[in-house]
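Asks: Build the complex: two chains, separate frames, hints provided.
Read off the chains here:
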Amino acid sequence: MSDHLTDDQIQQLLDGSLADSNLVASHLDHCPICQNEVANYQALFVGLKEEVDFSLSVNFADTVLDKIPENSALSADPVTSASPVFSTPIIKFSDGLIGFSAIAIMVAVGLYFLDLLAIGTATRLWGLEMLASSAAALNVVKQFLSNYGINPLMVLFIVVTLSAIVVIDQIVVGMKKQRRSVTYSI
Amino acid sequence: MTESNALVQKILAGDKSAFRTLISDNQRLVGHVVYRMVKSESDREDLCQEVFIKVYNNLGRFRFESKLSTWIARIAHNSCLNFLEKKKLPLYDDLGDDETQFEPVADTRYQPDIILSKNNLSAILKREIDKLPALYKTIVTLFHLDEMSYAEIGQTMKLPEGTVKSYLFRARKVLKERLQTGYDRGDL
Ligand SMILES: [Zn+2]
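Read top to bottom, the protein sequences are chains A and B. Mapping of the first sequence onto the numbering used here: residues 1 to 186, in sequence order. Mapping of the second sequence onto the numbering used here: residues 1 to 188, in sequence order.
Isolated chain B (complex conformation) (with noise of 0.2 angstroms):
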C-alpha cells in the first residue's frame, strides 16, 4: 500500500514517468477487464486508453479506501458498462439462476476443422470461457489470472462477495462439464 501511495504522490506532483509505471502496473488487469465485457476488437484498445485517462484525471480523489489496482479495475468496469450502454448493447441480461442462459455445449462433431486433442484443451476451453456471460467470464479471470480475492473482484464489480463466490462456482463447474463432455466422447 505504501508503494502504491508513493507512486500516487509522485503522479499527483506531476511526475509522467510515474504515471507510465503505473500503467505498466496494471494495463494488464484492464485489458483483461474490457477483453472479458467488450466483444468487439476495435473499440478494446480505445477503451483502455480511455480507462488510464479518467484514472490519471480522477487519481487526485483516490483515498486508498482499496488497492489502488482495485480502483483501477472498478473504473475499467464502470468505463466497460458506460461503453455498453452507450453502444445499447446488451449488458448483464443474461443473469439469473437458469443454467440454460448459458449457451449449449458445442457440438464439436460437426466442426471436421478442429482436430481434437489433448494439445488443443486450451483452444477448446478458451472458446467455452468466451461463450460464457460477461458477468461470469470476468470474475473467472480477475480471480485465476489476476489473483484477486473474492472482496476485492466484489468491490471492482459492485457485488456482495458472496455473489461473486456463488457465481465463479457456477462458471466453473459449468466449464468442467463442457470439457467432461468432450473427454467422455474421446474427443479430448
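For reference, chain A alone in the conformation it holds in the complex (with noise of 0.2 angstroms):
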C-alpha cells in the first residue's frame, strides 16, 4: 500500500500542525499499519517532555548574584542612553601637563611681548633679585634667538601647537578608555 502515512505527516499529526489532518484521520481509521506507527510515535513524544538529567546547584541566583560587582555599570548603551561615559569627566588633565602649558605659553609671551631687561633693572631696584634674575635669563635666550633670525612669535606659535597636540591627544586617550570600558561583547 503506497497510501501510508509518511514519518512527516505522522509528526505533523502529533504536532498539531498538519494542514489536511482529515484524510490522515479517515486512513488511521482504517490501517492497523499506521495506528502502530502513531502509537510508537506517541510513546516517543511523551519521552521527549521528560525533564533531562541535569540540573543547577540549589544556590545557582546566590553564586551568580555573587559575581556581579556592586556597582556593575549594567552596559547601557553608550549611544542611545544615559551611559555612564557623561556621568564621570572625560578629560582628566595630569597636573604636570597643565603646568607644562602655561609655563610654556608664558615664557613664549614673555619673550615676544615684554621688555624684559626693563623689568630686571625695575625688580632689581625693588630688591626682587629671583624675578630680576629670571627676566635677565629670559632675555638672554630672547638676545640668542634673535641673533640666529628667529622670531619669538614664531616660538610662541610651535609652543602653542605642540600644546594643542598633547591636549587633543589625551582627550581620545581619555574617551578610548571609557568606551573600553562599557563595552562588552557577547
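Source of the hints: derived by calculation from the structure; they are not laboratory data. There's no promise every hint is true.
Stated by the list, open to error - The calculated lysine to aspartate or glutamate pairs, modelled on EDC-like cross-linking and capped at a C-alpha distance of 16 angstroms, are:
#, chain 1, residue 1, chain 2, residue 2
1, B, Lys126, A, Asp53
2, B, Lys126, A, Glu50
3, B, Lys176, A, Asp53
4, A, Lys49, B, Glu147
Replies: Dropping the structure here:
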C-alpha cells in the first residue's frame, strides 16, 4: 500500500501542525500499520517531554549575584541611553601637563611682548633679585634667538601648537578608555 | 512582553531581586542549552553562571526584538560555542544529510545489566537522545521541553526556520526507529 502515512505526516499530526488532518484521520481509522506507527511516535513524544538529568545547584542564583560587582555599569548603550561615559569627566589633565603648558605659553609671551631688560632693572631696584635674574635669563634667550634670526612669535606658535596636540591626544585617549570599559561583547 | 519589559527596567535600575527573578525564570532553559551542547559535567554549572553574568552585563542592549527568553537562550548557545572553540572540542562536525553520522543503535542484547522493560523506556530514550549530535538534541529539547517555536529556535541557534524543522523531524525519526528496534526484538 503506497498510501500509508509518511513519518512527516505523523509527526505533524502529533505536533498539531498537519494541514489536511481529515484525510489522515480517515486513513488511520482503517490502517492498523499506521495506527501502530502513530502509537510508536506517541510513546516517543511522551518520552521527549521528560526533564533532562541536569539541574543547577540550589544556591545557583546567589552564586551568580555574588559574582556581579556592586556598581556594575550595566552596559547601558553608550549611544542611546544615559550612559556612564558622560557621568564622569572624559578629560582628566595631569597636573604636570597643565603646568608645562602654562609655563611654555608664559615664556613664549614673555619672549615676544615684554621688555625683559626693563623688568629686570625694575625688580632689581625693588630688591626682587629672583624675578630680576629670571627676567635676565629670559632676555638672554630672547637675544640668543634673535641673533639667529628666529622670531619669538614663531616660538610662541610652535609651543602653542605642540601643547594643543598633547591636549587633543589626552582627550582621545581618555574617550577610548571610557568606551572600552562600557563595550562588552557577548 | 510588557512583563519582561518591566523586569528588565527594574534590573537596569539596579534592582538585584529583579535579576534573581530573571535567573529563576530562565535557569532551566539555560541549563537545557548547556546540558545539550557541553558534555563535560564539571563545566556546565560554571558555564550557566557565565551566561547569566553576560545577560546582566548586556541587558542594557536588549532591544526586545525577540522574547527575553530567546535572547537569553541565544547568549547561552553562543557561550557554549565559545567554550567548545576554546577547548578545541568538535562543534557541529557531525552535520550533513548522511544518516550514518548518527551513532549506530546500541545493541542492547550484549548489555546484560540493563533489564529491558516498558518501564525503562525513558532511560533508553535518554541514552539515545544523548547519542544524537549536539545540534539535533538541542533542537529536540528546546522544542519539546521549552516549547519554543521553530522561529525562536532559529533565532537562538542562528539557523533558518526550515532547517530547524527538518533537523527536528529527522532527529525524531531516528529516535523512533531506535526505540522501534527495541520493540521488534521484544526488548521493550
Ligand atoms: Zn497506513
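Asks: Which earlier hints turn out false for this structure, listed by number in ascending order?
Replies: Hint 3 is the one this structure does not satisfy, whereas the remaining hints hold.
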